[in-house]
Amino acid sequence: MNNVEERSMETIGWGDFEKVELRVGTILKAEEFPEARVPAYKLWVDFGDEIGVRKSSAQITEVYALEELAGKQVIGVVNFPSKQIGPVKSECLVTGFYGADGVVLAVPDRQVPNGLKLG
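Everything in the sequence shown is counted per the numbering used here, starting at 1 for the first residue and increasing by one.
Hints were generated in silico from the structure; no laboratory data involved. Worth double-checking, as some hints may not be accurate.
Said to hold, decoys possible - Capping the alpha-carbon separation at 27 Å, the derived lysine-lysine pairs in DSSO-like fashion look like this:
| hint | residue 1 | residue 2 |
| --- | --- | --- |
| 1 | K89 | K117 |
| 2 | K117 | K19 |
| 3 | K117 | K55 |
Claimed, not checked - Cβ pair distances, simulated, as ranges:
| hint | residue 1 | residue 2 | range |
| --- | --- | --- | --- |
| 4 | G102 | V20 | 23 to 31 Å |
| 5 | G13 | P39 | 36 to 44 Å |
| 6 | P87 | M9 | 32 to 40 Å |
A virtual CB, placed ideally from N, CA and C, is assigned to each residue, including glycine.
Take these sequences, add in the hints, and give me the full structure.
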């Protein structure tokens with residue numbers, strides 16, 4: 001048994017999964033986000049020609065330094081509604097895994113074209 005809190009897992013159908021637009025994008029720019037209540041960075045992620053560049057905030061400061069983020073590919077949900085987080089309007093959800101040291105980004109293991117859909 002691990003230290004992860006046990007929760008009941010809801011089963012979803014294939015149609016539910018198909019609704020989630022999980023796309024690969026490349027971080028173009030990352031900046032400090034001093035206004036955030038929890039330490040975070042502001043990110044600009046390029047999801048390709050069809051979707052474009054989307055802004056997000058990510059609580060990844062414990063694991064990543066700003067200078068290592070530009071050029072990194074990430075997996076993001078691009079069909080959530082925008083969410084105001086302090087002065088930043090988050091336009092996508094960059095995915096990651098909560099670990100003992102902080103949030104680790106979910107990334108493809110090889111370079112792929114921006115905008116490709118997971119599925």
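Hints versus structure:
1. K89 with K117: 23 Å, holds
2. K117 with K19: Answer holds: K117 to K19 is near 11 Å, not above 27 Å.
3. K117 with K55: Between K117 and K55 the Cα gap is close to 18 Å, so the pair holds against 27 Å.
4. G102 with V20: 23 to 31 Å: Taking Cβ atoms as reference, G102 and V20 lie about 24 Å apart, which means the hint holds.
5. G13 with P39: 36 to 44 Å: 37 Å, holds
6. P87 with M9: 32 to 40 Å: 36 Å, holds
Checked against the numbered hints above, the structure violates none of them.
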